[in-house]
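Each chain, written out:
2 protein chains.
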Amino acid sequence: MKFNPGDTAAVTKTIMQTDIEKFAELSGDRNSIHLDENYAKGTRFQGCIAHGMLTSSLISNVIGNHLPGLGSIYLGQSLRFVAPVFPGDTITARVTVTSIRPDKPIVTLETVCTNQREEAVVKGEAVVLVE
Amino acid sequence: MKFNPGDTAAVTKTIMQTDIEKFAELSGDRNSIHLDENYAKGTRFQGCIAHGMLTSSLISNVIGNHLPGLGSIYLGQSLRFVAPVFPGDTITARVTVTSIRPDKPIVTLETVCTNQREEAVVKGEAVVLVE
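If you read the sequences in order, they're chains A and B.
No gaps in the numbering here: position 117 of the first sequence is 108 in my numbering, and each next residue is one more.
No gaps in the numbering here: position 6 of the second sequence is -3 in my numbering, and each next residue is one more.
If you are wondering where the hints come from, they were derived from the structure by calculation, not from laboratory data.
Treat the hints with care, since some could be wrong.
When chains are identical, the list treats them as one kind, so a pair holds in a single copy or across two.
Here are the simulated lysine-lysine pairs, DSS-like style, with alpha carbons at most 27 Å apart [what the hints assert, rightly or not]:
no.	residue 1	residue 2
1	Lys95	Lys13
2	Lys114	Lys13
3	Lys95	Lys32
4	Lys13	Lys(-7)
5	Lys4	Lys95
6	Lys32	Lys(-7)
7	Lys95	Lys114
8	Lys32	Lys114
9	Lys114	Lys(-7)
Quick caveat: nothing in here was measured; it's all calculated off a predicted structure.
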């Protein structure tokens, strides 16, 4: 295993309303909180927000491309959606190795997405088999 | 709260290689296991597989559109990717209410994605606030 606890990697992306529309199309999740500004204005968020799974897809990006990268087989992910993401927010998804199983090439990573104010928006943990 | 334990809803979609490409573009996860058939043929899966988060996006679909539907605020989701999804697989995402908090309008749902052979591919649990 070429990884060690504490190893970390991140990607950053600004999530635009067009990304939200593409995710709505791909997933089929057309809830008005994501797509209907008039409806969304009347909610606690006072405007459209990104799908939690769209924000979380950046965790898949870091794991698939960077850490562990090629050879990763995603076994599990927990997600807590702790704050809203608005169109135009710049999200950084960071993964950090927290433990490695001694018997198998299975890595556990802390996974956190933060916005441009360094507020956490998604928190969780990933488990990845590395071939 | 208009829901009861046991209430259930589902959506079904066939995941095509074009969906995988769109998710790769949107998330930025361009791991070869999803996009490079020559590479993927040499892995345990013997071909390209869908991103786990793409399959899981169908859970967002059921929650956002159907159960609880409008007014849902996604608080959390756990995901275990228990079997691969190949292009052309027809995936059913089903959510079932397992409990409702007595003090707050917060619903816990079992979330399972199965393929056309009724094999589970993603298992987990969602927590949703209903406004």
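Results for each hint:
1. Taking the shortest alpha-carbon separations for lysine 95 and lysine 13, neither the intra-copy value of 38 Å nor the inter-copy value of 33 Å comes in at or below 27 Å.
2. Taking the shortest Cα distances, lysine 114 and lysine 13 sit within 27 Å of each other both inside one copy (23 Å) and across copies (25 Å).
3. For a Cα distance limit of 27 Å, the shortest separation of lysine 95 from lysine 32 across copies, 23 Å, qualifies, whereas the shortest one inside one copy, 49 Å, does not.
4. Proximity of lysine 13 and lysine -7 under a CA criterion of 27 Å is satisfied in neither setting, with 36 Å inside one chain copy and 31 Å between copies.
5. In this homomeric assembly, lysine 4 and lysine 95 never come within 27 Å of each other (Cα to Cα): the closest approach is 33 Å inside a single copy and 34 Å across copies.
6. For a Cα distance limit of 27 Å, the shortest separation of lysine 32 from lysine -7 across copies, 24 Å, qualifies, whereas the shortest one inside one copy, 48 Å, does not.
7. In this assembly of identical chains, the alpha carbons of lysine 95 and lysine 114 lie at most 27 Å apart whether taken from the same copy (25 Å) or from different copies (22 Å).
8. When the C-alpha separation of lysine 32 and lysine 114 is checked against a cutoff of 27 Å, the pair qualifies only within one copy, where the shortest distance is 26 Å, while the shortest distance between copies is 34 Å.
9. In this assembly of identical chains, lysine 114 and lysine -7 lie within 27 Å of each other by CA distance solely inside one copy; the values are 25 Å within and 29 Å between copies.
Taken one by one, the earlier hints fail for this structure at numbers 1, 4, 5, listed in ascending order.
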